[in-house]
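Colleague: Work the whole structure out from these sequences, hints included.
As given, the protein sequences belong to chains A and B, one line each in that order.
According to the numbering used here, the residues represented by the first sequence are 457 to 844, in order.
According to the numbering used here, the residues represented by the second sequence are 7 to 361, in order.
There may be inaccurate statements among the hints.
To be verified - If you anchor each label on the Cβ, the simulated ranges turn out as follows: (1) Asp-667/A <-> Ser-241/B: 49 to 57 Å; (2) Ser-823/A <-> Ala-26/B: 45 to 53 Å; (3) Gly-655/A <-> Ser-163/B: 31 to 39 Å; (4) Asn-316/B <-> Glu-522/A: 17 to 25 Å; (5) Arg-749/A <-> Ile-140/B: 50 to 58 Å; (6) Ile-25/B <-> Thr-764/A: 52 to 60 Å; (7) Ser-128/B <-> Gly-655/A: 52 to 60 Å; (8) Ser-823/A <-> Leu-105/B: 54 to 62 Å; (9) Asn-316/B <-> Asn-837/A: 33 to 41 Å; (10) Ala-668/A <-> Lys-242/B: 34 to 42 Å.
To be verified - Covered by chain A, per the in silico footprint, the following chain B stretches (three or more residues, Cβ under 8 Å): (11) 38 to 48; (12) 94 to 104; (13) 161 to 174; (14) 184 to 191; (15) 265 to 272.
Simulated from the structure, these hints should not be mistaken for laboratory data.
These numbers were taken from a predicted model, which means no experiment stands behind them.
Note that beta-carbon positions come from the ideal geometry of N, C-alpha and C, so glycine has one too.
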Amino acid sequence: MKKFTRVAAGLLAVALAATMAAGCSKQGSGSKDSDKFYIGGIGPTTGGAAVYGNAVKNAAQIAVDEINEAGGINGYKIEYKFEDDEHNAEKSVNAYNSLKDWGMQILMGTVTTDPCKAVVAESGNDNMFQLTPSASSTDVIKGKNVFQVCFTDPNQGTASAKYIGEHKLASKVAVIYDSSDVYSSGIYENFAAEAKNQGFEIATAQTFTSDAKSEFSVQVKACVDSGADLIFLPIYYQEASLIIKEANDEGAKVTFFGCDGLDGLLSVDGFDKKLAEGVMLLTPFSADSTEERTAAFVKNYKEKYNDTPNQFAADAYDAIYIIKAAIEKADVKPSQSVSEIGDALEKAITELTYEGITGKGMTWSESGEVNKDPMAVVIKNGVYVSAE
Amino acid sequence: MKSKKINIKKSTLTTLITIAGIIVAYIIMNTLSNGGFLSYKMQGLLVPICAYAILAVSLNLVVGLLGELSLGHAGFLYVGAYTGAIFTNITADMISNDLVRFILGMVVGGVFAAIFGLIIGSAVLKLQGDYLAIVTLAFGEIIRSVLGNVLYISKDSSGLHFDVNDGSTLNPQDMIAKGAQGITVQRLSTFLIGIILLILTVLIVMNLSDSRAGRAIKAVRDNKIATEAVGISVSKYRLMAFTISAALAGVAGVYYAHNFATLTGTKFDFNFSINILVMVVLGGMGNIPGSIIAAIILTILPEEIRFLGNYRMVIYAVVLIVMMIFSWNPKCIEFRKVVSAKIKSVFKKKNKEVQ
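Modeller: Here it is in structure tokens:
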């Protein structure tokens with residue numbers, strides 16, 4: 457027992473020394489360059505949501521490289537670093553703190569909503585300018601320092617319901633959504649609220665959770681049985697592809713309608729693209745667009761990362777350019793403090809009109825919400841066609 | 007030389023050394039933090055480290071002392087976190103003092119976790135070994151799935167409103183718990199509170215293990231039949247250890263939840279339970295200071311190797327394996343003993359030469 461005590465004491469001492477050594481790296485960054493803007497990014501590059509984090513990481517890198525090649529922002533180069541958060545609020549805060557140690561002045565992130573809520577609380581304390589490419593909940597923009605590139609969930613839900621109502625697409629609508637996902641349930645709630653005003657009925661709302669998203673026969677059967685002529689899918693494309701296939705196997709004759717999460721449907725491995733014919737979705741970005749900047753971005757992304765960029769990538773690409781535009785407008789210098797830069801950019805972005813690849817004439821309200829038009833597209837012959 | 011024989015029980019000494027270690031660690035970290043020598047990353051990790059240390063110590067009660075494998079610890083943590091967070095939200099305008107509200111929240115979280123521990127414990131503790139592990143795992147997942155998805159709660163001037171469908175009947179402005187979207191939590195946790203909680207936890211667990219009840223629990227672990235034959239109620243003491251462990255996990259949960267702005271169920275899956283179990287196993291089953299040290303190392307390690315980029319988690323796993331082998335492989339322990347004996351003999355020789 458005596459030995460045990462000694463060993464325990466020894467171990468404690470070692471742990472203490474280790475913590476101290478770990479803690480001794482100095483606050484802020486000593487190696488910081490005063491003629492560079494330090495832009496940090498946070499998102500999941502490992503784990504279940506890695507698709508989105510990697511898309512954002514890569515696309516932002518492309519934008520940063522382009523800007524640096526073209527001479528930077530007002531002559532100042534960008535230093536860019538992306539940290540992994542595994543789609544986990546705790547890790548996300550750790551990533552934020554790591555980036556602060558690195559010297560981050562502006563945050564482009566985080567990619568997913570739930571971690572973003574935790575990070576926003578931290579960045580609010582520091583008054584750091586934060587622009588999230590894809591965290592769509594209204595909760596994340598409660599602070600005055602946070603702005604969004606993507607639509608908010610209510611915005612999408614309401615817009616979808618309006619679109620279905622105005623175009624008289626259906627009288628009975630079934631919904632399948634992910635109740636464990638903030639994005640999905642957020643859209644559903646607002647869709648359901650707006651549906652009452654639009655004169656169509658929600659026949660059934662089926663749910664699944666992130667733990668059980670590989671088999672949907674129960675939900676699809678319930679939707680078919682409810683007699684709905686349209687199934688609304690405010691979910692991501694992987695699950696949607698399974699649902700569409702299941703519905704097809706059931707022989708259901710329904711239209712599918714989705715939000716920006718459905719973007720990517722055509723690139724699912726092993727998914728018969730013919731099944732996606734007639735699927736409608738609201739999305740701000742289409743990789744098949746012939747518009748010059750979009751086409752250049754898509755080509756660039758494919759060359760570098762051997763993959764077709766999705767909407768998350770496009771949002772991130774825009775995010776970096778929006779930060780650039782805001783910096784130019786506010787005329788801030790890298791030598792200013794984080795909070796000073798934050799104040800200036802928060803003001804500048806609300807006065808900005810930005811032409812991006814995810815929307816024309818984007819403007820921001822003081823609340824942090826972006827104002828851009830969602831574009832409804834329908835899949836015809838394996839490509840997006842404007843639904844108008 | 008005078009012999010320094012003070013009459014303190016060895017177990018008391020271990021407790022004292024552990025608590026002294028914690029206090030010294032607190033003083034050092036606090037001084038560093040105040041002096042601005044602590045990186046933001048480390049400052050951000052202080053609260054999670056305390057939370058994980060409490061969790062590891064409390065799980066050690068079941069795994070080390072009772073000798074049963076529980077994989078549902080995250081479930082109890084989540085019960086505590088959930089009820090505690092709801093409590094602090096509801097009482098936000100009633101109790102203006104944050105600290106008082108937070109402490110009451112911890113009591114509420116602890117009590118609820120204990121109730122869950124009691125209910126689940128009395129149902130599953132008839133089982134042993136692998137079966138118990140599987141059932142606790144299942145219960146942990148049930149708690150997480152139900153609490154983390156079903157309940158919508160809102161509060162307005164007329165009181166509390168509940169909904170278990172989709173929350174559409176409630177006013178979104180007054181919503182406290184939003185089903186799967188979780189609870190928005192006020193930040194109340196501080197490093198000091200964590201250290202105090204940790205010390206309390208260590209005191210409770212170490213005192214328990216040294217008490218009559220603790221000896222009974224250990225007896226149950228070592229030989230159930232013999233214990234029963236002596237007239238000790240096996241189920242009573244097993245349930246006791248299980249419930250206390252759940253209550254402590256609940257308190258840690260409240261503390262953990264109030265460090266992040268948002269609380270959702272997805273985080274507390276069985277990986278989380280496994281993570282805490284790893285801390286206990288690495289620190290040594292039944293070894294309380296070991297659990298704390300393992301919790302510290304395993305929380306800091308993944309953050310300190312961020313520079314490795316995407317290889318981070320691979321390296322983390324490798325380091326974990328190496329640490330496990332080095333700490334607990336019998337051959338390695340032997341090797342360590344030989345080495346330390348050699349070092350000691352060198353020192354002794356030197357001492358003699360000096361004399």
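Colleague: Are Asn-316/B and Glu-522/A spaced within 17 to 25 Å by their CB atoms?
Modeller: Cβ of Asn-316/B to Cβ of Glu-522/A: about 24 Å, so the range 17 to 25 Å holds.
Colleague: Between the region 184 to 191 of chain B and chain A, are there enough contacts, at least three residues with CB-CB distance under 8 Å, for the coverage claim to hold?
Modeller: holds (count 5)
Colleague: Could you check the hint for me, namely that Ser-128/B and Gly-655/A are 52 to 60 Å apart, CB to CB?
Modeller: Holds, since Ser-128/B and Gly-655/A (Cβ atoms, about 54 Å apart) stay within the stated range.
Colleague: For the range 54 to 62 Å, tell me whether the beta carbons of Ser-823/A and Leu-105/B fit it or not.
Modeller: Violated: the Cβ-Cβ distance is about 32 Å, outside 54 to 62 Å.
Colleague: The region 38 to 48 of chain B covered by chain A? Criterion: 3 or more residues, Cβ-Cβ distance below 8 Å.
Modeller: Coverage by chain A holds here, the residue count being 8 at a Cβ distance below 8 Å.
Colleague: Quick one: are Ser-823/A and Ala-26/B within 45 to 53 Å, going by C-beta?
Modeller: For Ser-823/A and Ala-26/B the Cβ distance comes to about 51 Å; the hint holds.
Colleague: Holds or violated: the 33 to 41 Å window for the beta-carbon distance between Asn-316/B and Asn-837/A?
Modeller: holds, 38 Å
Colleague: Taking 49 to 57 Å as the stated bounds, is the beta-carbon spacing between Asp-667/A and Ser-241/B within them?
Modeller: violated, 32 Å
Colleague: Given a hint of 50 to 58 Å, does the C-beta separation of Arg-749/A and Ile-140/B actually sit inside it?
Modeller: Cβ of Arg-749/A to Cβ of Ile-140/B: about 55 Å, so the range 50 to 58 Å holds.
Colleague: Do three or more residues of the region 94 to 104 of chain B come closer than 8 Å to chain A, measuring C-beta to C-beta?
Modeller: This one is violated; 0 residues, fewer than the three required, reach chain A with a Cβ under 8 Å.
Colleague: Assuming the hint says 31 to 39 Å, is it satisfied by the Cβ distance from Gly-655/A to Ser-163/B or not?
Modeller: holds, 34 Å
Colleague: Would you check chain A against the region 265 to 272 of chain B, counting CB to CB pairs closer than 8 Å, and say if three or more residues qualify?
Modeller: Satisfied; 6 residues make the cut.
Consistency note: the structure conflicts with the earlier hints numbered 1, 8, 12.
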